[in-house]
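Chains as they are written, first to last, in our numbering: chain S, 1 to 115; chain F, 1 to 115.
Hints in this document: simulated from the structure, not taken from any laboratory.
Here the structure is a predicted model, which is why all the values come from computation and not from measurement.
Heads up, some of the hints might be wrong.
[Stated by the list, open to error] Straight-line C-alpha distance at most 25 Å; calculated SDA-like pairs for lysine to any residue:
| # | chain 1 | residue 1 | chain 2 | residue 2 |
| --- | --- | --- | --- | --- |
| 1 | F | K42 | S | R55 |
| 2 | S | K42 | F | V62 |
| 3 | F | K42 | S | R37 |
| 4 | F | K42 | S | Y101 |
| 5 | F | K14 | F | H85 |
| 6 | F | K42 | S | S12 |
| 7 | F | K41 | S | A115 |
[To be verified] One side only, chain F facing chain S, incomplete, derived with CB under 10 Å:
| # | residue |
| --- | --- |
| 8 | L26 |
| 9 | Q29 |
| 10 | F34 |
| 11 | K41 |
| 12 | K42 |
| 13 | L44 |
| 14 | M45 |
| 15 | L46 |
| 16 | T49 |
| 17 | E59 |
| 18 | F91 |
| 19 | R97 |
| 20 | P108 |
The C-beta atom is built at its ideal place from N, Cα and C for all residues, glycine as well.
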Amino acid sequence: KQEVTQIPAALSVPEGENLVLNCSFTDSAIYNLQWFRQDPGKGLTSLLLIQSSQREQTSGRLNASLDKSSGRSTLYIAASQPGDSATYLCAVGPQSTSGTYKYIFGTGTRLKVLA
Amino acid sequence: GAVVSQHPSRVICKSGTSVKIECRSLDFQATTMFWYRQFPKKSLMLMATSNEGSKATYEQGVEKDKFLINHASLTLSTLTVTSAHPEDSSFYICSARRFVYNEQFFGPGTRLTVL
Numbered sequence: 001k002q003e004v005t006q007i008p009a010a011l012s013v014p015e016g017e018n019l020v021l022n023c024s025f026t027d028s029a030i031y032n033l034q035w036f037r038q039d040p041g042k043g044l045t046s047l048l049l050i051q052s053s054q055r056e057q058t059s060g061r062l063n064a065s066l067d068k069s070s071g072r073s074t075l076y077i078a079a080s081q082p083g084d085s086a087t088y089l090c091a092v093g094p095q096s097t098s099g100t101y102k103y104i105f106g107t108g109t110r111l112k113v114l115a
Numbered sequence: 001g002a003v004v005s006q007h008p009s010r011v012i013c014k015s016g017t018s019v020k021i022e023c024r025s026l027d028f029q030a031t032t033m034f035w036y037r038q039f040p041k042k043s044l045m046l047m048a049t050s051n052e053g054s055k056a057t058y059e060q061g062v063e064k065d066k067f068l069i070n071h072a073s074l075t076l077s078t079l080t081v082t083s084a085h086p087e088d089s090s091f092y093i094c095s096a097r098r099f100v101y102n103e104q105f106f107g108p109g110t111r112l113t114v115l
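Go ahead and model the full structure; you've got the sequences and the hints to work with.
Right, here's the structure in full:
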């Protein structure tokens, strides 16, 4: 059974710092991995999607890497801003012979960027 | 980009009543939709997978008679919480998988409060 863990659970940093959020998964047979952002009381905003054949994806100040063999993904946020404060979730799409492609979510990292 | 909507965004109801939540893919056809539940400060837990024109597949521990799911068309899935009780209060989020692609697009969520 796939399990997804995110470390740290919470993080508080001063504005301008570069930071790394970690996501680990127990079964390397994944279809893809997606990083999301969730603001308090809100839904999910997709940040980056990495296919299983890819090593990384970049969007603006965000860079996500994937190492399937070791069961790890990292989300790198450059020059953090107070507006980056949110909960970040990673979700793993396991390989599926039934074609359902359901996601399994990590526990989340609550990020607070101090002005 | 692909957009998924949910209606209503918030609902407050009395204990014992039934509540219907709609999930729509606005600009694409979704053969598969997923329903998630999120408890306060927790990650998302998959409740069920719904495929257009067939019965939903429920995750272990989810009461199918309590949470009725209907996926009547390629753009609409509904979740009905029957005889709601205060413990059903939660944030419900749907996602839709675009046909042929493996990326899921998430709705903004519905906050259900049962008094």
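With a cut-off of 10 Å, does the beta carbon of L46(F) approach a beta carbon of chain S closely enough for the hint to hold? Nearest chain S Cβ about 6 Å off; hint holds.
Holds or violated: is the Cβ of Q29(F) closer than 10 Å to a Cβ in chain S? violated, 15 Å
Once the shortest beta carbon distance from E59(F) to chain S is found, is it less than 10 Å? holds, 9 Å
For the pair we were handed, K42(F) and Y101(S), check the Cα-Cα distance against 25 Å. holds, 22 Å
Per-residue hint verdict: K41(F), partner chain S, C-beta under 10 Å: Status holds, d = 8 Å.
Proposed proximity, S12(S) with K42(F) (alpha carbon, max 25 Å): Between K42(F) and S12(S) the Cα gap is close to 19 Å, so the pair holds against 25 Å.
Has the given pair, K14(F) with H85(F), been kept, meaning a C-alpha gap of at most 25 Å? Roughly 8 Å separates the two Cα atoms, so the pair holds.
Taking only the CA atoms, is the gap from K42(F) to R37(S) under or equal to 25 Å? holds, 14 Å
Classify the hint on T49(F) as holds or violated, based on whether any CB of chain S lies nearer than 10 Å to its CB. It holds, given that the least Cβ distance between T49(F) and chain S is near 5 Å, below 10 Å.
Interface hint status, L26(F) versus chain S (Cβ within 10 Å): Status violated, d = 14 Å.
Distance restraint between K42(S) and V62(F), which requires alpha-carbon spacing of 25 Å or less: Since the Cα atoms of K42(S) and V62(F) sit roughly 23 Å apart, the hinted pair holds (cutoff 25 Å).
Return the status of the interface hint for L44(F): holds when the least beta-carbon distance to chain S is below 10 Å, violated otherwise. holds, 4 Å
Against the hints set out earlier in the document, violations occur for numbers 1, 8, 9.
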